[in-house]
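*Asks:* The hints should help you fit chain B onto chain A, whose structure is shown.
Chains as they are written, first to last, in the numbering used here: chain A, 9 to 121; chain B, 436 to 548.
Simulated from the structure, these hints should not be mistaken for laboratory data.
One or more of the hints may lead you astray.
Label pairs and their calculated CB-CB ranges [claimed, not checked]: (1) A:114 x B:518: 17 to 25 Å; (2) B:462 x A:117: 27 to 35 Å; (3) A:71 x B:503: 36 to 44 Å.
All C-beta atoms, glycine included, are put in the ideal place defined by N, C-alpha and C.
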Amino acid sequence: DGGITQSPKYLFRKEGQNVTLSCEQNLNHDAMYWYRQDPGQGLRLIYYSQIVNDFQKGDIAEGYSVSREKKESFPLTVTSAQKNPTAFYLCASVRGGLGTEAFFGQGTRLTVV
Amino acid sequence: QQQVKQSPQSLIVQKGGISIINCAYENTAFDYFPWYQQFPGKGPALLIAIRPDVSEKKEGRFTISFNKSAKQFSLHIMDSQPGDSATYFCAARSSSGNTPLVFGKGTRLSVIA
Numbered sequence: 009d010g011g012i013t014q015s016p017k018y019l020f021r022k023e024g025q026n027v028t029l030s031c032e033q034n035l036n037h038d039a040m041y042w043y044r045q046d047p048g049q050g051l052r053l054i055y056y057s058q059i060v061n062d063f064q065k066g067d068i069a070e071g072y073s074v075s076r077e078k079k080e081s082f083p084l085t086v087t088s089a090q091k092n093p094t095a096f097y098l099c100a101s102v103r104g105g106l107g108t109e110a111f112f113g114q115g116t117r118l119t120v121v
Numbered sequence: 436q437q438q439v440k441q442s443p444q445s446l447i448v449q450k451g452g453i454s455i456i457n458c459a460y461e462n463t464a465f466d467y468f469p470w471y472q473q474f475p476g477k478g479p480a481l482l483i484a485i486r487p488d489v490s491e492k493k494e495g496r497f498t499i500s501f502n503k504s505a506k507q508f509s510l511h512i513m514d515s516q517p518g519d520s521a522t523y524f525c526a527a528r529s530s531s532g533n534t535p536l537v538f539g540k541g542t543r544l545s546v547i548a
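The shape of chain A in the complex, shown without the other chains:
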């Protein structure tokens, strides 16, 4: 089945630790995105990548880092510099060119303990 796979579904982080969230897609989509979801805040863009080896900051990139070494993978690292990392993280992909529909993964819920 084609789609986007995020892992893990739940993740617990101690204060001061870096953690990496995985996002893999087999849709052959060029563009991939990371959004953060907090109650009442909607989806806020963290980082996005239009093509392999290139990515841009979104609206709330501070405390996060990404890489795009392969077309199918776009991991997100939540660093210790992110002061309030507890949230639901969503990865999405869009076919390049005139592609419009964004396909989302099932999300990773990160909790700081």
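*Replies:* Frame of chain A; chain B shown alone:
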């Protein structure tokens, strides 16, 4: 600056009634307006989308109304059912430059019997 404003934040509708969610945008370069449906603990899924060359699009019980001059669009859910209870997000993007989707803050819909 919030580019897409969505209202209401929450909505309670009787079974069989009409649910109406409104969104307004500011960027006249936006040319794609989707609505996403999200169930708890899941990623959003595309429900219906419209481009500004039409004023209305209907798919089953779901209808998007679009007013280009007012820069507003809305989702109507006819004959609302308890299974429609979810969070709904409007979004917008400009296909020029393949820019990311910008989301509203969401509306939590509860359909009660």
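*Asks:* Against each hint, give a clear statement of whether it holds in the structure.
*Replies:* Against the structure, the hints come out as follows:
no. : hint                      : in the structure
1   : A:114 x B:518: 17 to 25 Å : holds (19 Å)
2   : B:462 x A:117: 27 to 35 Å : holds (31 Å)
3   : A:71 x B:503: 36 to 44 Å  : holds (38 Å)
Of the numbered hints listed earlier, not one is contradicted by the structure.
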